[in-house]
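Need the complex rebuilt from these two chains, each delivered in its own frame; the hints are there to steer you.
From first to last, the protein sequence lines are chains A and B. FYI, the numbering used here numbers position 440 of the first sequence as 440, with every residue one higher than the one before it. FYI, the numbering used here numbers position 277 of the second sequence as 277, with every residue one higher than the one before it.
Hints in this document: simulated from the structure, not taken from any laboratory. We put the CB at the ideal spot given by N, CA and C, even for glycine. Some hints here could point you the wrong way.
[Unchecked claim] What follows is a list of derived Cβ distance ranges for each label pair:
no., chain 1, residue 1, chain 2, residue 2, range
1, B, Gly-74, A, Ser-396, 45 to 51 Å
2, B, Gly-74, A, Arg-64, 36 to 42 Å
3, B, Ala-346, A, Ser-238, 50 to 56 Å
4, A, Ser-396, B, Leu-126, 53 to 59 Å
5, A, Asp-412, B, Leu-126, 48 to 54 Å
6, B, His-248, A, Thr-218, 16 to 22 Å
7, A, Arg-64, B, Pro-258, 19 to 25 Å
8, A, Asp-519, B, Pro-119, 54 to 60 Å
9, B, Glu-200, A, Gln-371, 37 to 43 Å
10, A, Gly-87, B, Leu-25, 47 to 53 Å
Now for the letters of each chain:
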Amino acid sequence: MTFPSDEHASELFELFFESADEILQGLNEAGLALEEHPSDTEQLRRVRRAVHTLKGDSAACGFRQLSELAHELEDVLTPELAQQNPGLIAELILTAADTFHEMLAAYRNRMQPPVGGALREHIRKLLHKPEVEPQIPASEAKFEWTEYERLMIAEAFRSGEAVYNVALHLDPQAPLPAAAFELARKALEGAGKVLAIRPEGSAPAEPVRLIEAALSSTKPADWIRKRCQVPSIVLRISVDRLPDPQPAPRDLLEILVESEAAAVSAGVKAPADAAVATEEEIHEPGASAGLAHAAENTLRVDAGRIDTVMNLVGELIIGKSMLQRAIAEFEHRYVKDPLRVKFSDALAFQSRVLGELQKSVMKIRMVPVEQLFRRFPRIVRDVARLRNKEISLEISGQSTDLDKGILDSLADPLAHLVRNAADHGIESTAERQAAGKPSRGTIRLHAYHDGDQVVIEVSDDGHGLDREKIVRRAIDRGIVTAEEAARLNESETLQLIFAPGLSTADEVTEISGRGVGLDVVKSALESLKGSVETESEPGKGTAFRLFVPLTLASIQALLFRVHGRLYAVPLAAVGEITRITNQDIHCVDGNEVFQLRDQVLALVRLDRLGTEAAAEQENRIFVIVIATAGRRFGLAVDSLMGEEELVIKALEDQLITSPLISGASILGDGTVVLILNVSAVVSHLSRIPAVGATA
Amino acid sequence: MSPKIRVLVVDDSALMRKLIPQILLHDSSIEVVGTAMDGLIGLRKIEELRPNVVTLDLEMPRMDGIQMLRQITGKHRVPVIVVSAHTDAGASLTLKALSLGAFDFVTKPQDAAAGRLTPIASELALKIKVAAASGAPKMIITLPSAKPKESRGFSTQPRWPSRIVAIGISTGGPNALQYLFSQLPGDFPGCLVVVQHMPEGFTEMFARRLHESSAIEVKEAQSGDLLLAGRALICPGDRHMKVRRMEHGDIAILADQPRVNGHRPSVDVLFQSVAREFGGKAVGVLMTGMGDDGADGLGALRAAGGYTIAQSPETCVVDSMPRSAIERGFVSRVVALQGLASILQAKCTPDQPPAEPVAAGSPENDSAGEGSVRRRSS
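Okay, chain B solo, but in the shape it has when bound (with noise of 0.2 Å):
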């Protein structure tokens, strides 16, 4: 047998040194071997236990999470996964942490008493494995501070999208994200939409946080946004996100049903109303993280004519979302995080289509004949 995947919990609250523990009892690859009620002592047990990962609660009096998490990431090189608060001040003192190099992030539990813990005790545990496997951070992408962008004002005669870019995402995401999107331009001539599991509450920080740091302009969707160019409209968390295209103008719509693969938002549902509303207008990206939601979605588009694309796995946080797309045969190209907005760029760029053959089932399939998904009456 393995050796047990030791674990430290560092958490102000005396019930949840109580309560993490407890949910983790019932991993038996998992041991918690210690907790701390602060930053500083629990830096000291990091240097006396060696946990394999450590679990941080971000709001802690004498040392709090995020200055922990400064000195483990430059120091110990421990992968932390932040317990988090349900509350704007919480996702966004989360987004921080996984900017400062944090591996992932649970909502801290919640109605112990109703039974409501399988599944995060289920999902704490996953990533704690996940994180255990992967080691310390391997990139932690620092970004030139956000230039403050004139807002984007269109005119009655909105700009319609070259391309609707899909992209499917989980954890490592966040920075993936952010680093993708700063390198886009302000006049992307794409449309991306987005799914990120992230849980309710926190999408609509996360969305603010990309808009800063990008030139394209970055909202959470709502229903009936509309799909333009230099735009990403994120999907909120517990929502499913899909498109439609209108008589005046192509939507996104957001859809309450129920999890598929254990996910709302899903990546399948995007991908497979991406795949079914724009086919070979469409391009569609799997991205770092844990699980497979989105590798039969990226099977369905790329058998609609799109254009799919895996992240590579070495510049993934976790890789099994693109690995099992690219294990399924249903990716067209494999690039790596540096690469994807130059190719991003290209796919969209109507001028220039790209000079592969168009035959079905072949790695490229693109008949990029028009300028624009829209065809414009007027």
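If we strip away everything but chain A, and leave its shape as in the complex, we get (with noise of 0.2 Å):
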């Protein structure tokens, strides 16, 4: 029998990855919360379990490092420990969280994992160990005689000879071993009987240090310590007489038994209160009822399955119009062939079902947000410990759902912002209280819909950003010149923190400043179709609001032509479509502008973006007026062609090089549509005035 096969073993280690995962959370959670009362030992008693769990079951895919850590851990997680030690129980069960995150992590690149070294100290300390283990524990003499053995030193007193426990300390740089064992062993013989020795035997497996023996013997100590000298090989003898049994009413191997039977019966005391405390856990709050039922129901799929299912049910949609543009047709030749109403029936039925499908299974790719905030309070709490500042998170809105992929790539920009919010925006207590704010710092994570989009808010009630000193960077850096930055208005001059290479930091800490800026936030928004804004007031805060597609898989697009060619821009981006003439259109330092009621917005030709080529104007031309990350600008299009809802298909790499273009779509006719990339477009038109300076 073969058995696991491959596939149910990777399996298996998937489901026990994503468990685990669950559990380090939890773990993180709770240390949190037993930081704030670590007397709550029902909090305790569940990270107990779930510690227990993570042992079993990294036991069972193997993991034995992990396993044997977390039976350590499991082991010193009693009310008890956590009473006498309030204050170290939270950072145990943090710094637990952090090493099996490592060994976790390991174990899936199939590394050794690392030994879990601050854990253990952790431990240790819980437990109040020396710091070090005793050096040499093994050549310490224990003289752990068997009963037979206890019994043979009885005997030899009964017969009034005089008992040592002697040791004989080898060199264990003596050279040929089991040579140095036996001449020593000799000396032990020619020294007295020998009633017992360690080791046993003759021709042990490893090299000796030590060799125990009970002897009994005529002669004082003196003499037998004098009998057992082997220059070079014997380092230190020990020899000790034991008291003589006789004239106590007790002798040794009753003492020796009873000692014994004492350590049992202590030993016993301990399972016997663990099972009554597991008899108390039953005892959880019903609360949790409800939530342990609905995971019942739940069922693991792997997201690529789910991918698999959307891209078909993609197909399923463009077939649909497909088959709307064949039914046109048709409805268009045969005017009066009342095949006409079934089809028409027929079709809308399909396209309710159809919608009905792909909401499902759009809603099934949909996790809360909160599966990612879980993780910031721990960050934040890192940071504010880290930096000696009091900050606290509220977090609101974290039911709002979100495509799962989305919400993954989501979590390293959020990170940042988070860590680059307690770390730069928070000011420290000294500075607060100066300033006459509350002296502890406040970090709001805040989700909600906003139509087709998801907002996800950061803001913290920290100094704000310094605009100037953000213009001056930029000048420095060679990212706008003095000129451009003059002319920048406030919310384009926030949008210069997002621009490579600048970082407003003054020190570059260990926790927000790796190297990386916002721009890697910018881009990797961008690569979401998404877009972040930035809003800041000096002394009372920044806020940044990133905004999030709700899915990758289809969106609701306007379509338009430029030059014969079809266009689309999300719908969620459009502001609104107005109509002007050529004569409304003016020109200001070579970039066109148009003014919108009391606004002038930039007006952007697509034929222009990336070829210098000025095609023929008509006179009439329609303009969408795209709303995003705080900017507003007109988009010039030769005509629209109406709403739709479009399946993105990723380009390939090397089809489309083009930025601006996020994605494509295709008809039902055949059709395909380029997707524009809004918020490149924005980046884009910050560099228009370089590009008309120059030409």
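Rendered as structure tokens:
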């Protein structure tokens, strides 16, 4: 029987890593909770059970080091130890979460896991054990004789001999260790009658450093010591005469047996208590019942499988529009044919079901942002500790759903923003007090739906962004020229912080200064077809708003044509649609602008973005007003083609190289639509002045 | 084809809920009909799914295994196999579960990757089948609560036993032994040497529990331990136990030779050694358990002049061990669990040599001429 098969094994590993991650998240949360309320024994029990599960699971997968470490941890997570060390327990659990995380990462990559020294250190501290174990436990003489040997010792006493416990410490450097052992043993045998000896046998497998023996002899201890001296082999000799049991009412054997019995009965107590504790564990708050119930009906599915279904649904949608077109043509051709009605009924029915299907599949991919938000309390706490600040984290809207893939890609940018806020945004306690603010800073994480988009806000009540500093840096680094800088409005200035190579933090810290700036956040969002905007008020704080689409699989889009080519923009980015004439267009610094009510907006022509060629202009043109990431601009188009739901197809990297295009879709008639990357157009726009100046 | 054995897996670890059904997949006579993540859901699913056997993890949130077990044995009457952690606390809980009526236990699967699941898989499958066949627990033994025992210091004159009683026992053993030992007086004249099939790490706790609930002294054997009257030595898990006569007294010796009959400790190893060293001074008892470990050893013991007893099949949780010895004709007497203590007492009491005829091969074959297995020279 070959078992388990590779497939089963890898499936098990997947499951293991997934549930282990959940356990670690639980540890982090419990650690933070215990930091607030160290005496919460319920919480501690939960941790213990989680660690217990991790131990069993990792043993099942053969991850022995992890299993052993979890076992060690489980053993010290007792209410008694927690009570004695209220300060240490939270730290212990958080360290454990980190250590396990590292070990899991190593196992995932099939690498040797770290030893988890920090965690072991904590465990030792909790047990009040000395830092370093005594170096030579192996050479410590214990004289643990078996019952039979003890009986022989008692017999020797009875026959009037003295009995000695003799320990010979051998020189580990002695050449030919086997021969050295043999010589030492011979010397012992010459000193008296050997009643018991360790190690037993004549040819021990490993070099011997210590020989223990019980010798009976009529000679005094000194004589025995002399007999046992073997130069350059025996380093040290101890000879202890055992007390003669005869005159005493209780003999040695009796004392030995009694102390053993005492040890046994003391040992019995602990497990009995443990059993009682587990019985108490049953009384859990009923509140978790619903949750546990829900979890029981949960099915774990590989995300890839859902993607496959999603893709197929996408194909179906394309199929639907093919059908739609065919039927439209049919209707056009056979106006009076009664089949027309049947066709359109069937089509309507099919579209409805298809719509439901698509929604349901999308829902499978949806997870609450809470999954992501859960990580941040730990991050904020760690930064606050390191920087000696007081920071509280407020989370709201955590039940907002978001596509799992998008959520995963948001993890790093969000963590970056949260770290930044804690590290640089929030001032030190002293600064805050001087500014008349509460000494405890606050970071807020807020998620909400906004039409087809999800918005995640990271805000702090720190000192805000220093605009002058940003502009100075940007000029220093050659990101903008001084005159361009002078023209920038407020929100444009703030957008500068997303430029590569700009960091306003005075000191590079180990927390947020890893050489990555906010440009990483921005590019991550662009690849998600999302955007980011900033708002900051000096002295009051900073807010970052991340906009991401609900899903990456399909979008509601506005279709339009420029120069005969079909394009689309996400409907979410469309502010309004207007028509202007050539007279409405003005030129400022070589850039076209137009006035929309009381606002002056830049006018973008797709045919001019990439090339210099200017086409013949019609007198009246459509303008789509795009509003995104705090900027509004107009997009000049030749004709509008209407709204359509587009199934986004990933573009082969080489196929379309322009960053201005984020994806493509195929319509029912096979026409390819290019989807405009709005935020890339915006950033391109901010470079237009430079282009215009040089042209 | 007979209907499949319906199994419910109760475990709070998602991994185990996947792994256990998977390792049972290979046995076509077993079907895992459901899983549950805690005791409450488990009880509901027992109602719903009517499984033949339940595998049960003991440490779970909300309603743990012990609590659930109480409900099951009181109400649902489904045999339960405990899936136990490899720890002292796990051992203690497991023994408690057994005393509450759990059918048997296995240790949690380990090293799925290294392909070491096969033995665990077949062990679990076998135990499930036997459990399904034997049905709900027949007898839950309730014991008087342990009385604190005076620690037994012995004098320079050890109390040598009149007889060596070798016991071999497996599934159903913990409860049967606890019952038997609780019936023996503190001055029991014989010495008991016991092989209970149990993994490493469980026997020490097991011996402690027995020690607490019995008047005799019970200890996990160490090499060199003396065979004394009123004492029971339990062979540690994953070792073999033998006996040896020495100049100053008789001792137990632990050995690490390979598994015998698939077991370490093996009953046969103990019985053969007792037969060799003590022969007619020995009593062999083969008790509840699956398989046939110990049957041949009992035959050797009988051939060497020892008195051999099999626990009566109807008082066994699983009777195949004593039954195979009975079928092979190796048993002097078949005794119900309830009568075992008095038979042993009678056999070991030196003043009253049994009146059975002394004839090799006959059902009663006892040459009880002397008062003690030891002839003390002094």
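Q. Which of the stated hints cannot be reconciled with the structure, identified by number in ascending sequence?
A. Nothing - there is no hint that the structure violates, so all of them hold.
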